[in-house]
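From just these sequences and the hints, can you work out the full model?
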Amino acid sequence: MKRITIHILSFVLFAAALLRADEHYRVEPVDVPGGIVMEVSGMDYADDGVLYLATRRGDVWTQKDGAWRRFAQGLHEPMGLVIGNKGEVFVSQRPEITQLIDEDEDGVADLYQTITDGFSMIASFHQYTYGLVQDAKGNLWGTLSGTGKTGPDGRPASAKAFALEPYRMWSFKVSPEGEFVPWSSGLRSANGIGMNLEGDLFAADNQGEWVGTSMLHHLEQGDFHGHPEALRWDERFKDKGDPAKLPIEQLEKTRKMPAVFLPHGELSNSPGAPICDTTAGKFGPFEGQFFIGDVVHANLMRVALEKVNGQYQGACFPFIKGGSKGAGEGLKAGICRLVFAPDNSLLIGRVGEGNWNRGLPGTGLQRVVYSGEVPFEIHHIELQKNGFKLHFTKALDADQMLSSDQVALSSYHYAYHAAYGSPKMELKTIAVSGVERSADGKSVTLDVAELVAGKIYQFSLKSITDSSGKALRNASAYYTLNELKE
Amino acid sequence: MRSSIFILLFSLLQPVLGETQRAEQLYISQGCAACHQINQPVDPNKVMVGPPLAAVGSHYANDPRGLETILSSLKMGAKGKWGQNEMPPQSHLTIENAEQLAEWILTLRKQEEPGGGAKSGGHTPESAFHNPLLSEKRVGTVVEVGDTPVVCRVYLEGASSRAIAVGLPEKQGGISYAFDAAECRLLYFWSGGFIDMERAWTGHGGWYARLLGEKIYQAPSHFPLRIGKPNEWPEKPELVFKGYRIVEGQPEFLYQVHGQEVAHRITYQARAGNKSASNTGQITHHFSLPGVTDEVSFLPAKEHLHYQTEDATWSSGVLLVHPDKRSGFSISINLKP
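If you read the sequences in order, they're chains A and B. Everything in the first sequence is counted per this note's numbering, starting at 38 for the first residue and increasing by one. Everything in the second sequence is counted per this note's numbering, starting at 192 for the first residue and increasing by one.
A few of these clues could be false.
Here are some chain A residues the structure puts well away from chain B; computed CB gaps all over 12 Å [said to hold, decoys possible]: (1) E133; (2) E142; (3) D380.
Derived DSS-like pairs (lysine-lysine); straight-line CA-CA distance at most 30 Å [as the list claims (entries may be wrong)]: (4) A:K197 to B:K270; (5) A:K186 to B:K301; (6) A:K344 to A:K174; (7) A:K210 to B:K427; (8) A:K319 to A:K123.
Calculated from the structure, these hints are not laboratory results. Where a beta carbon is used, it is the ideal one built from N, C-alpha and C, also for glycine.
Put into structure tokens, the structure is as follows:
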């Protein structure tokens, strides 16, 4: 009896008082079962509102109306889970992509069906199988991280990653027939994958060697995203020796630039999977944009892309910062997976320790709830021939005079080199020569002294208020300029 | 009347006090007291090598990994969590004693903390790891099999990277085995405990599970089934792993050999009169090959093993499956007493 009471106490942990809220977005705790190490590595909702949640310890949990149940167990460090178009449960685990089937419909999977194991894997701490999303045609998508050198005791021997086995450091497609198709290459450790409203695929690579800062890539077939190790498995570079020794000019020419650089330290350190806002405005005015969390920083970022000369590029913005005042007060680190819940709140899955943590604790769940009151934010940035057009979520104060003093603009880039990470290179202030407000007051066009392809433009806005006198909720932005507007 | 209530109360409390007392005895007998006091030093001038255990208990009280962390420190040693003195691995502790000490430490609270102390009840770590949501027991990173089998994909020694560990409950032999998903075959059996996932779950993870027992059987290194006549057998069979189905708790491995579907179950029967964990039982392979029409053979190990089956007969050194048994047959291996 005593034990039962203890169990009830342990597992019926009611929500603590709401964490500090702002009037737009509120961060709330979400209960997980007591005594379970809940390192969240994959999450999705089924049509009936059941949450499926995978953990690094190999369990898949279901949750509905606060009741938790284990759906599957014993998976090999799954790092992705998606509910398919027909309600199937797919997971990406180290050795394979697996469908979990509950044949007798008792709420527990009975059949662990291998969909594909058409890629190599060895014992290495760094060999993750990240995923998963499914497109409208039923293809599954994910990424394979590079191999980390492991010492005889299993502990990491080096931070460098390799791709001596096919198809490490590649993104991949799995057809509905289960065929494994290597898709794009050169991803060091892109922890998760996301798809926008157009069905285009994106993954955020983690800073490291050849990756100057973390970066969001658009994945198209045959793309090379920058880490040369992966070129071992590219037909074009077959029999050309150690790809890391290829001339840098050749690598630069082959490389596709990321859609957005995520500034290391300021916004990001180890980004998780991007999630596209599919709530049609029910999570705020950001439909179609990406949200990305960070495993090390207690941060949520927002990414708004545009297409210039047919290529994605755009800006990233802070969205909620842990430890800051207001909405971010309660946001915690370890953010690995995000999913929109049926009630249009954003569920945050925290993977916590293990490979992911630098002394910050952090497993379990939180969620972000939108109050319905539109925040005053830079909605997106549109490149102009001679500058940028900043679109806001609300009209600016009509009486306010605007001057170039209110915009601090700088440019820089990150080095593309074999070393681990990069400082900001050639950082300099860029003069803003003109500021013009649109007739509806919802956008501002900036003319700038110079625009150079291959640079990141960092914006910091001051004293800009909406018609109610309210300041911008987040006043900084980072635009990645790969293509100039013709 | 009063005395009988007292006796009743005393007998209810007895098991709790018993566990605490046993742990306190271990604290003395296993040498913990040489470096750790239970509470804050009474004499502030007395310098202790390690932290007071009550401080450790308070620190990890609400951490779901607390037990695991303490067990890991006992097992592997620790430095830097509490000052710079190093605690060497406490390798003299048995798993049971280490568990009992760690669970006890987690009930301790610093004295200034109201509501602390061993008898306060509430969310104890023991309840956390006898979790009703799990069928197995997780003691730190050690996985112990409960009433139903545990099927766990993890790196295992002597396997390809695609390995599966299976732990069977007492009623199914109380034993463990390893299956290789790349080679579609049994690898070995071990008796004793199941596995310690420490190197798979903690730190960077991604490493081998440790077998908590002794290997009692090593399967031959070849894939044992052959379909067709001996002169048609390819040098290396073409295998495709298709997953596994949980049937009455046990895995049935699914694969294709040259396109032929195979469902393969592996069971263990302890020899009557012997303890289940001994090495004298019988391993049985149950094969199902729906729709097969060609000859089916089972290739034995090179070394002499005692095979037993009613579904096949010896023919040129292999077990040739009877034509009417091809779609479903069993072959047992009797381990030497």
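Against which earlier hints does the structure fall short, listed by number upward? Failing hints, ascending: 1 and 5.
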